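Engineer: Each chain, written out:
Protein chains: 2
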Amino acid sequence: MAIITIVGSGMMGSALAFPATDNGHTVRLVGSPLDRDIITEAKASGWHKTLQRKLPDGLEYYQIEELETALVSADLLICGVSSFGVDWFWQNVLNSISPSLPVLAVTKGMLNTPEGGFISFPQYYQNCLPDKKLILCAIGGPCTSYELADRHHSAVTFCGDDLAVLEQLRQLMGTSYYHISLSRDVTGVESAVALKNIYALAVTLAVGLAEKVKDGPPHYNTQAALFGQSIKETGRILELLAADSSNIYLAAGDLYVTIFGGRTRMIGSLLGQGQSFTKAMASLAGVTLESVVIAQRTAVFIREQIKQKKAKAIDFPLLLHIDDIISRGRPVKLPWQDFLR
Amino acid sequence: MAIITIVGSGMMGSALAFPATDNGHTVRLVGSPLDRDIITEAKASGWHKTLQRKLPDGLEYYQIEELETALVSADLLICGVSSFGVDWFWQNVLNSISPSLPVLAVTKGMLNTPEGGFISFPQYYQNCLPDKKLILCAIGGPCTSYELADRHHSAVTFCGDDLAVLEQLRQLMGTSYYHISLSRDVTGVESAVALKNIYALAVTLAVGLAEKVKDGPPHYNTQAALFGQSIKETGRILELLAADSSNIYLAAGDLYVTIFGGRTRMIGSLLGQGQSFTKAMASLAGVTLESVVIAQRTAVFIREQIKQKKAKAIDFPLLLHIDDIISRGRPVKLPWQDFLR
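Line by line, the protein sequences give chains X and B. Going by our numbering, the first sequence opens with residue 1, and the numbers climb by one from there. Going by our numbering, the second sequence opens with residue 1, and the numbers climb by one from there.
Misleading hints may appear alongside valid ones.
Stated by the list, open to error - Here are the simulated DSSO-like cross-link-like pairs (lysine-lysine), alpha carbons at most 30 Å apart as the crow flies:
#: 1; chain 1: B; residue 1: Lys-333; chain 2: B; residue 2: Lys-279
#: 2; chain 1: B; residue 1: Lys-214; chain 2: B; residue 2: Lys-279
#: 3; chain 1: X; residue 1: Lys-212; chain 2: B; residue 2: Lys-54
#: 4; chain 1: X; residue 1: Lys-333; chain 2: X; residue 2: Lys-309
#: 5; chain 1: B; residue 1: Lys-212; chain 2: X; residue 2: Lys-54
#: 6; chain 1: B; residue 1: Lys-333; chain 2: B; residue 2: Lys-307
#: 7; chain 1: B; residue 1: Lys-333; chain 2: B; residue 2: Lys-212
#: 8; chain 1: B; residue 1: Lys-214; chain 2: X; residue 2: Lys-49
#: 9; chain 1: X; residue 1: Lys-49; chain 2: B; residue 2: Lys-212
#: 10; chain 1: X; residue 1: Lys-212; chain 2: B; residue 2: Lys-49
#: 11; chain 1: X; residue 1: Lys-310; chain 2: X; residue 2: Lys-333
#: 12; chain 1: X; residue 1: Lys-214; chain 2: B; residue 2: Lys-54
#: 13; chain 1: B; residue 1: Lys-214; chain 2: X; residue 2: Lys-54
#: 14; chain 1: B; residue 1: Lys-310; chain 2: B; residue 2: Lys-333
#: 15; chain 1: X; residue 1: Lys-333; chain 2: X; residue 2: Lys-312
#: 16; chain 1: B; residue 1: Lys-214; chain 2: B; residue 2: Lys-43
#: 17; chain 1: X; residue 1: Lys-54; chain 2: B; residue 2: Lys-309
#: 18; chain 1: X; residue 1: Lys-212; chain 2: X; residue 2: Lys-279
#: 19; chain 1: B; residue 1: Lys-309; chain 2: B; residue 2: Lys-333
#: 20; chain 1: B; residue 1: Lys-54; chain 2: B; residue 2: Lys-43
#: 21; chain 1: B; residue 1: Lys-49; chain 2: B; residue 2: Lys-279
#: 22; chain 1: X; residue 1: Lys-214; chain 2: X; residue 2: Lys-279
#: 23; chain 1: X; residue 1: Lys-279; chain 2: X; residue 2: Lys-49
#: 24; chain 1: X; residue 1: Lys-43; chain 2: X; residue 2: Lys-54
#: 25; chain 1: B; residue 1: Lys-212; chain 2: B; residue 2: Lys-279
#: 26; chain 1: X; residue 1: Lys-310; chain 2: X; residue 2: Lys-279
#: 27; chain 1: X; residue 1: Lys-333; chain 2: B; residue 2: Lys-54
#: 28; chain 1: X; residue 1: Lys-333; chain 2: X; residue 2: Lys-214
#: 29; chain 1: B; residue 1: Lys-333; chain 2: B; residue 2: Lys-312
#: 30; chain 1: B; residue 1: Lys-49; chain 2: X; residue 2: Lys-214
Honestly, the hints are just simulated from the structure, not real lab data. None of the values given here were measured: they were computed from a predicted structure.
Throw the hints in and build the complete structure from the sequences for me.
Structural biologist: This is how it looks when you write it as structure tokens:
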């Protein structure tokens, strides 16, 4: 059995402790500086306050000051921080680990480069630590933390450069309910699952559109039209990134699950109802939404590609409209004619 | 303004009268022999008994005996019959029309050929009437009849051999809420939207799985995994048919809308709960389900391709499992390991 250290004890990082402990591994859950209360309470009672679940028996808890101890003899490091914690993670964790320790990141997102590129977190980490060749892998796919903790069937993809390493990680983490496929196309997997956040916001505009009429019927045709347009644009972005277009199935599954709940749906619905972006965001009381950040970053990338004449605006009307709504305060007015190409 | 004759006054055929009359055309709605009561009631009161909507003012109603009159000077014939009416349609309608009258079919489905092929209804019609060169077009895309009649934004694709004809049809039928894209890939469009019926049944197995536990939480991760697998297999079928893989966006949108309701969801849910196929179908009281028929036909096609060594069973585990459930009475046991390729 192996020793698996999870850094970042938010909902997703903690949920990964379920398949890991079910496989009989020693699992050490380390809170980031933001997770202090979660670790204190879980250590005392086993209860995870945001995941709202009892964590597995035998799980070991560490505050961030105990990171070094938590990493002793570890066979795998799982990065469970959110996209807002990536700089903290490489500066405070990746910077000090042994380069032979495989890292599996569950953080979803993409980053702009100064040259107009669009890179995944594993690429970013390696760029930040150019003198240290790390073994960086990542998890993509439609998997909410609650349902993973409830051991519902979930299918994800582990991606990384080395298939042999990925196969080892699958052996460590795969269970009868956590189904893992493998891919060497890190950009394809990571961009497909990051983009779903933007497009979930787009599809839920139609949810809000329906809610404008009190007790009115849902607008599934409109949602489906936006879903189709989302898949079309995602395919075009994968192409721009020279990623494997077969990752579209990951984007579709992840988009499907993201539409059903959470803050992205709430914001999309409020915008669809006619609220301004500023007003809709006020209901989040200062929480920064990953879907908004990724929409803006993707728009930066696409607008740069357009400037460089590598892409055409007409191919991304939904993405650019979403960016107009959130970055320029424009009202929702879906450009239906532009979807027909 | 044009004269548009719709034959088949079921829900979808009748719903198409909304954009057509909104554009100011003369619209003639002709009931098939199965639609007699619908036409009688609609003629008397304007009410469509299955669509549960008042039909547009000015719509003209015809029983099937009046077909010839309904076709006088028509500019467009819309075929609104279901997939079970295609033979009736070519024998009784297509057989006698002028070959210069464009035909736009909204019937969804695909058919097996004796040689192991898999063809769309437009192809089938032309094969049945080899001596008569018809102008055959078809509608694909996520569009429920109720919502079209409610004038919700809906996006569909008109497909056919001749882009100039398709553009004319778009001019006739497109409105501010009925958005039409055009495609010359009839097989791609028609197969993409037919396959969604099979896979909607597959995804809703997970709905039933969740319902096994009374008041239990939904299993969105599992639905999303099956959604992703569905898109993966749909892409492979498009490839086998040498169709344009970009039609995957149509399949995704249509799959999304089909999951939300109707009899396919009901059957998928009952199967997922653990009911046998025979018992689940008994709740439909003898109604034949299009999703069951298309699943069986697609399985016939895929099994023939496997026999001819043009495809591998391992690439279609979900489709073949659905076929095992409905054609061989097997219990639901999702082949998760086979999904990971």
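Engineer: Each hint: holds or not?
Structural biologist: Hint by hint, here is what the structure shows:
{"no.": "1", "hint": "Lys-333/B to Lys-279/B", "verdict": "holds, 17 Å"}
{"no.": "2", "hint": "Lys-214/B to Lys-279/B", "verdict": "holds, 20 Å"}
{"no.": "3", "hint": "Lys-212/X to Lys-54/B", "verdict": "holds, 23 Å"}
{"no.": "4", "hint": "Lys-333/X to Lys-309/X", "verdict": "holds, 26 Å"}
{"no.": "5", "hint": "Lys-212/B to Lys-54/X", "verdict": "holds, 23 Å"}
{"no.": "6", "hint": "Lys-333/B to Lys-307/B", "verdict": "holds, 24 Å"}
{"no.": "7", "hint": "Lys-333/B to Lys-212/B", "verdict": "holds, 14 Å"}
{"no.": "8", "hint": "Lys-214/B to Lys-49/X", "verdict": "holds, 25 Å"}
{"no.": "9", "hint": "Lys-49/X to Lys-212/B", "verdict": "holds, 27 Å"}
{"no.": "10", "hint": "Lys-212/X to Lys-49/B", "verdict": "holds, 28 Å"}
{"no.": "11", "hint": "Lys-310/X to Lys-333/X", "verdict": "holds, 27 Å"}
{"no.": "12", "hint": "Lys-214/X to Lys-54/B", "verdict": "holds, 21 Å"}
{"no.": "13", "hint": "Lys-214/B to Lys-54/X", "verdict": "holds, 21 Å"}
{"no.": "14", "hint": "Lys-310/B to Lys-333/B", "verdict": "holds, 27 Å"}
{"no.": "15", "hint": "Lys-333/X to Lys-312/X", "verdict": "holds, 20 Å"}
{"no.": "16", "hint": "Lys-214/B to Lys-43/B", "verdict": "violated, 46 Å"}
{"no.": "17", "hint": "Lys-54/X to Lys-309/B", "verdict": "violated, 51 Å"}
{"no.": "18", "hint": "Lys-212/X to Lys-279/X", "verdict": "holds, 16 Å"}
{"no.": "19", "hint": "Lys-309/B to Lys-333/B", "verdict": "holds, 26 Å"}
{"no.": "20", "hint": "Lys-54/B to Lys-43/B", "verdict": "holds, 11 Å"}
{"no.": "21", "hint": "Lys-49/B to Lys-279/B", "verdict": "holds, 29 Å"}
{"no.": "22", "hint": "Lys-214/X to Lys-279/X", "verdict": "holds, 20 Å"}
{"no.": "23", "hint": "Lys-279/X to Lys-49/X", "verdict": "holds, 28 Å"}
{"no.": "24", "hint": "Lys-43/X to Lys-54/X", "verdict": "holds, 11 Å"}
{"no.": "25", "hint": "Lys-212/B to Lys-279/B", "verdict": "holds, 16 Å"}
{"no.": "26", "hint": "Lys-310/X to Lys-279/X", "verdict": "violated, 35 Å"}
{"no.": "27", "hint": "Lys-333/X to Lys-54/B", "verdict": "holds, 29 Å"}
{"no.": "28", "hint": "Lys-333/X to Lys-214/X", "verdict": "holds, 21 Å"}
{"no.": "29", "hint": "Lys-333/B to Lys-312/B", "verdict": "holds, 20 Å"}
{"no.": "30", "hint": "Lys-49/B to Lys-214/X", "verdict": "holds, 25 Å"}
Checked against the numbered hints above, the structure violates hints 16, 17 and 26; every other hint is satisfied.
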